[in-house]
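Q: Residue numbering for the sequence shown follows this note's numbering, beginning at 9 and increasing consecutively.
Keep in mind the hints are simulated off the structure, nothing from the lab.
Bear in mind the structure is a predicted one, so any value in this text is a computation, not a measurement.
Positions of the beta carbon are idealized from the N, C-alpha and C atoms, including for glycine.
Among the hints, erroneous ones may be present.
Using C-beta positions, here's what the derived DEER-type ranges look like [as the list claims (entries may be wrong)]:
1) LEU113 - SER210: 22 to 32 Å
2) ILE207 - ASP161: 11 to 21 Å
3) TRP74 - VAL33: 12 to 22 Å
4) VAL66 - GLY199: 24 to 34 Å
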Amino acid sequence: MTAVEHHTLRGQLAYLISAVASPFVIFPLLVIGATWGVAASPSEFLAWAGVLLLTTGVIPACYILWGVRAGRITDIHIMVREQRAIVFLVFLVSAAAGLALLWLLEAPRTIFLLALIAFGNGLLAALITLFWKVSIHAWVYAGAAASFALLADAPWGWWLLLGLPLVIWARTHRQRHTIAQGVGGGLLGLGLTYLLYLIIFSSR
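Using the sequences provided together with the hints, build the complete structure.
A: Listed below in structure tokens is the structure:
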């Protein structure tokens, strides 16, 4: 997006939507919302949410911030597709460690599933990113909406998907993605999340 476009009303709106719908915002909100519903006490909430936020959010985010400061990554949303591979690798290693820790701590099924959904979506996104710059904003937004509706037993969470077209519009308006990359990210995030939910809960 050019400087002129950024200062138009549409440009500012697209920037605001991109910021609010950033994976750095959406996923922590999902973790807090889903964990609060299953934690038996405040200490449990802090423990489960802490593990999830640390391994799927804080550690990868710290690596990205370091990469930006070191000049290895262009920006926190990683515009350059070729720079995403190592970031996904850091995320997957950290998320796998979180999964192992939650397993050892015998975390509730819902908490473990949330960690598994994050890892599974990250793995597929990493593979696709090797050849296609799919929209992670749309992917995480759709996956988070589905996760919240399913894991927090909140059917109204599905209505959050009505915001997905706005996210896709914002990313395309800012010239970060094509419409296909936005729609593809949304469908993959929604579909894989629902599939993992069915697999895990059908095994009960």
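Q: Per the hint of 22 to 32 Å, is the separation of the Cβ atoms of LEU113 and SER210 within bounds?
A: 24 Å, holds
Q: Just to be sure I understand the hint, the distance between the Cβ atoms of VAL66 and GLY199 should be within 24 to 34 Å; is that true here?
A: Holds: the Cβ-Cβ distance is about 28 Å, inside 24 to 34 Å.
Q: Tell me if the beta carbons of TRP74 and VAL33 are separated by a distance inside 12 to 22 Å.
A: 20 Å, holds
Q: With 11 to 21 Å as the target window, see if ILE207 and ASP161 comply at their CB atoms.
A: Roughly 18 Å apart at Cβ, these two residues keep to the hinted range, so it holds.
Violated hints for the displayed structure: none, as all numbered hints are satisfied.
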